[in-house]
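Chemist: Start from chain A and add chains B, C, D and E with the ligands according to the hints.
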Amino acid sequence: DGGGKPPSGDGRQQLTVAALPLTDSAALYLARDRGLFAKEGLDVRVQPVQQSIQALPALLKGQVDVIASANYVTYFQAYEKGTLDLRILAEGVRIAPHMMDVLVPGDSPLKSPADLAGKKVAVAVLNNIQSLTLNAILDARGAGRPVYRQILFPQMGPALDRGQVDAVHAVEPFETAIQGESGARVLLDAGSGPARGLPASGYITTRDFVDKHPKAAAGFRRAVEAASRLAAGDPGAVRTELPKYAKVSAAQAESIHLPAYPATADPAALRRLIRLMRAQGLLEKDVDPAPLLAK
Amino acid sequence: MTRRQDVLLGLLGSAAAFGVCEAVARAGFVRRSYLPPASQVLARAVRLAGDPAFLDGIGVTLRAWALGLGLACAVAVPLGLLLGAVPVVEAAARAVIEFLRPLPSVALIPLVSLLLGSGTRTEVTLIAYASLWPVLFNTVYGLGETDPLAKDTLRAFGSGRLAVLLRVELPATAPFIAAGVRISAAVALILAVATEILSGFGQGLGIFIAQAETATDGTRDVLAGVVWAGALGLVINGVLVRAERRLFAWALEPRETAGRLRRGLRW
Amino acid sequence: MVRRTALPLVLRWAVLLVAVACWEVAARARDSVYFPPPLRIARHAHALWFSGNAGHLFLTPAAVDTILPSLGRMVSGFVLAAVAGIVLGIAVGRSPRVYALCNPVLQFARAVPPPALVPVFVVVFDFGTPMQVASIVFSAVWPVLVNSAEGARATDPLRLQVVAVLRLTAPERLWFLILPSALPRIFAGLRLSLSLCLILMVFSELLPGSDNGIGFTLTDAQTRSDLLTVWAALVLLGALGHLLNTGLLAIEKRLVGPTASAGRTA
Amino acid sequence: MLRLDSVSRHFGDQHVLDGISLTVPDGQLLSVVGPSGCGKSTLLRTIAGLLPAQEGTITIDGTPVHGVPERLAVVFQEYGRSLLPWLTVRDNVALPLRRRGLGRAARRAEAETMLERVGLRGAARRHPRELSGGMQQRVALARALVCRPSLLLMDEPFGSLDAGTREDLEDLLLELHRGRDATIVFVTHDIDESVYVGDRVVVLSPGPGSRVVRDLSVGLPGERDQLTTRGLPGFVELRTEVGRALRGR
Amino acid sequence: MLRLDSVSRHFGDQHVLDGISLTVPDGQLLSVVGPSGCGKSTLLRTIAGLLPAQEGTITIDGTPVHGVPERLAVVFQEYGRSLLPWLTVRDNVALPLRRRGLGRAARRAEAETMLERVGLRGAARRHPRELSGGMQQRVALARALVCRPSLLLMDEPFGSLDAGTREDLEDLLLELHRGRDATIVFVTHDIDESVYVGDRVVVLSPGPGSRVVRDLSVGLPGERDQLTTRGLPGFVELRTEVGRALRGR
Ligand SMILES: Nc1ncnc2c1ncn2[C@@H]1O[C@H](COP(=O)(O)OP(=O)(O)OP(=O)(O)O)[C@@H](O)[C@H]1O
Ligand SMILES: Nc1ncnc2c1ncn2[C@@H]1O[C@H](COP(=O)(O)OP(=O)(O)OP(=O)(O)O)[C@@H](O)[C@H]1O
Ligand SMILES: [Mg+2]
Ligand SMILES: [Mg+2]
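Chains as they are written, first to last, in the numbering used here: chain A, 1 to 295; chain B, 1 to 267; chain C, 1 to 266; chain D, 1 to 249; chain E, 1 to 249.
Next comes chain A alone, as it looks inside the complex:
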């Protein structure tokens, strides 16, 4: 391991990137498969992980160099607590309409988002991006907040089916699968209102890495941003790429809602996320994202 440092056989610098096999990492895979990394003199190896937080120890130990699709909420918290000297290489995705939805059973008495007040809503991780955005949306509409239950995405379908929760807050591709299997309907587009355009994940690394390998960091950013531009311009490219690395069938890939792939990192957007986190008590101090963005 300990990639990043030794150039590989053909003189390219080797980088190990931990990534979730989800839509969030599409730009990474596109960049790899379209040779964008190679163009920057990088040899990128992808190491799949199930949750971005699971890659944190490996990042600190130098077993991976970059975490793709790293959940900002989680990593800003780690930064605030001092566990990680965070640097953001590039932005990953921003929230787009119907990329996440609040689903209820077809025959549910819940008719409008306002009915959610006090009801049980399933999210994958408590006190994270899902509840943050849903709260923001409901607050904006003046509706009451629900109570959250922690249920992993794959189990949301059965839980909804058995009436263990009133609604689930699911992301793609689970969202489409749940709708298809149990006839659940969308109560609320969780990518709408104040949530829309909010940065969800990014490509992050440590300050140490950026200091030691400024060239590799810059090259990585250029490649990912190029891939993001490509993805934003041609969603079809993402839809063909998806079945190659994620557990998504080609048919599913055709119909699911994709997030937005921003071409450049924008401190203002990140500041909006940080303000929201502060307002809901997920951060205790203010964090200025500008210095965290790698040049």
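Keep in mind the hints are simulated off the structure, nothing from the lab. Remember, predicted model here, so these are calculated numbers, not experimental data. All C-beta atoms in this analysis are idealised placements derived from N, C-alpha and C, irrespective of residue type, glycine included.
What the simulated footprint calls covered on chain B by chain E, stretch by stretch (three residues with Cβ under 8 angstroms from a Cβ of chain E suffice, anywhere in the stretch; the number is not a length):
(1) 143–157
(2) 161–172
Some chain A residues well away from chain B (every beta-carbon gap over 10 angstroms; in silico):
(3) GLY106
(4) ARG185
(5) THR240
(6) PRO291
Now the stretches of chain D that chain C is said to cover, found in silico as 3 or more residues with beta-carbon under 8 angstroms:
(7) 72–81
(8) 96–102
Modeler: Frame of chain A; chains B, C, D and E with the ligands shown alone:
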């Protein structure tokens, strides 16, 4: 009871369990994709045997299992003998041990990963940590159960404390240690798979299961992985039981003497 | 195990204190967020859980919401696992038929990692306590079961002949011979089970639908990178484990008493 | 009536009992002597139904026995191990009384009476491991006697006792035997004792493949007394004969 | 020389030994008799250093013993439990030879020789639980004899043997004793035996608080023989005297 009857009864029990799982899934209480019938799971598990990548993963998991269990035994048996034999050491170490023991390995995953990084070293450490206790405690308990007259006998023949420990207490405790190893073997296997699932990083049976869990209809694959884990456990236990029978024949009731009173069977 | 005189007691705590002191010094010297010094952990734990008013035994509301539900689940899981483990273990240790029938299935079940069963739990059990207790029992039952079976199996054959001649009924046989002679091993199993219960309690609070408990606090703090709370929860778990174990030892002392190893032959 | 019909027994390829036939009428006290390792304990275990007879049959009152017969009591040679260490001496002795359906207090009272008779009055509440070897042997004896068996099998029951205690207990056995009419099979390695307590003495040949080599009826008066009986010419004659049979002469 | 100086011992509030003083010269075979439960086994365990003497001192050749003395061997009354079940009979006997620093083959050879002398030639490779009670006792005996102890403590070593085997082994003991010059303390409950094997017989009083009530020197010729010695007038006299002391008369 003949061997054949044993096997037949075992098959009967397995068939019954299989039947129940199949029936529950087919009865339609829940959607098929949420709880696939046992037959489909089994078929999938069998097909996995032909997948070299999956078999590689099994190899990785088993390696971590063996290393962790071996490390645990290598530490636990001598430590158990020391604790059981020297009351002062036991008294001194007791508080620390009792405090460390309940620390959940599940919760230690992130901390140990921070120290050792993700991967085999972390996995082996956690496996060893969790499977240390059964061997250690069975060793200490076994020592307490040694017949005092047997110990006196060796002392009377001029054996020192160490010789009594090695020649009487260790052999007398051995069957009990073996039972501890058997418990640990299962714990270690669970830990190997669970660590992989929860750390979500690397290669192995647990990673296969974790990846299946993130798929929209992965339950069948998850359960096929479970079948493999269970089957591994079954085989490992069978091997250990056979080894014990061979090693500790003296501790078994002699077949003929016990006649129809013979009930003893081993786990 | 150890004679309960004053010296070992003093020694025990002295060693623990020294260990903690070393940790404190080492942690202060390294000054890493991952390994905070014990004093800070203790202060944090105190602020979190033990700074309540005297009327509530100094427990804060957070402590009442965190510790009590966890403890309740753990204890009920442990009791269920103990009863099931002893009953099944003895049956399996003394009856070749039951053994042959159950062995493959039990061995299979024993090796199944609980995290992989989450999809099944979701479908079979209700969220919250039923699912959590079920997952605790499912894992904690094995050490008791194996040790009980082992203990029952190791009953002195001569003594079995004795009770056969005395024509004791099967329950009497169990009560007067098999249980007492298996008791030391059963307790060894119970102690292992107890610590497994704590581990499983943490795991069970990772299960879908959990929203309180020590394990929940721990994992929640983990995702928030709040390592001080992680450590405080670990220390709390250690302390709880120690307490519960001491209680179990006291029960064992009463039940097994001084006759534990008298006259046993291998 | 206890009847053994060419009972044989082997362990693996080692022959132990080789066609033992015996008829013990009700109420008889049969002494069995034989060299160490010849198969006396094996014989008792077979009669007790603890070991299956591999050949031959055992019948009690005409019905073949399978398993442990009713109203049987056994004093095992390994008396120490045969006591349950977690029970007090009194509870050990009271254990067989359960099948008589007595209450707890009645069982304990009866156990204590029997303990007193074997000279263990003060030891009732102690645990077996706190007793000396001879005391443990007497506890095992009391446990066998207390349940008033109709078939009593005793394997060297006085082996660990001093001469005085031994004589007292021999007399106790005879007294109890006279009062009821149990069939008793009494294994001993003491020739004098075999003659003194027995109505009949059977001598087994050394193994492997032990057989009955001598079957002597003891024609001594029923009322026996340590001093006078052992002095009788008939007694001396009998013990010489048993001794000779034992030495294979 | 083994010397006991007012050795006392109690278990809880129960007095067992009450000021036992004894001097046993090197090479003496001291028989100890006493009623069941009087404290004979306790005395042996105390001499062996397995139980601490609570009062009084024990010295060997003038030096007080703490712990187990050198070159000691013990035959326990519970011979069965004192054998290690996981070792074969041969390895059980060979066990104490380790401290003589012999090789494995030499140890086994010596063990087999001794097993042959106690009449267990064929049983060398079997496990203790496959043996009869008397055979186990002989294994324990062989184990004690094989290591040529200078102090040998025997607790009713022939209790489970038939008369013939017993006499053979008494003679074996005497023969080995003559050849070397070990000090032997021999506990028995057989009065004849105590006189036949002993150079000296000590009688203990019944407990609680056992004391030496009689200390007899056996003036019989060193060369003994089962038939002639037991017929000597001196022998009969001695056994009567021991018997009387034992009965407290
Ligand atoms: N561990 C013990 N705890 C309490 N009392 C004991 C213990 N060991 C022995 N005793 C008591 O000490 C007394 C003497 O016991 P000991 O075994 O020495 O007798 P003994 O002379 O060898 O008798 P026997 O001839 O029956 O073997 C007995 O009354 C016994 O109850
Ligand atoms: N479980 C067993 N397995 C193998 N052989 C056995 C077993 N039990 C007894 N034997 C053998 O059977 C023979 C007879 O044993 P048994 O115990 O009946 O002798 P015994 O007449 O009671 O002798 P003793 O007077 O020494 O007690 C012995 O040679 C012994 O080795
Ligand atoms: Mg016998
Ligand atoms: Mg004794």
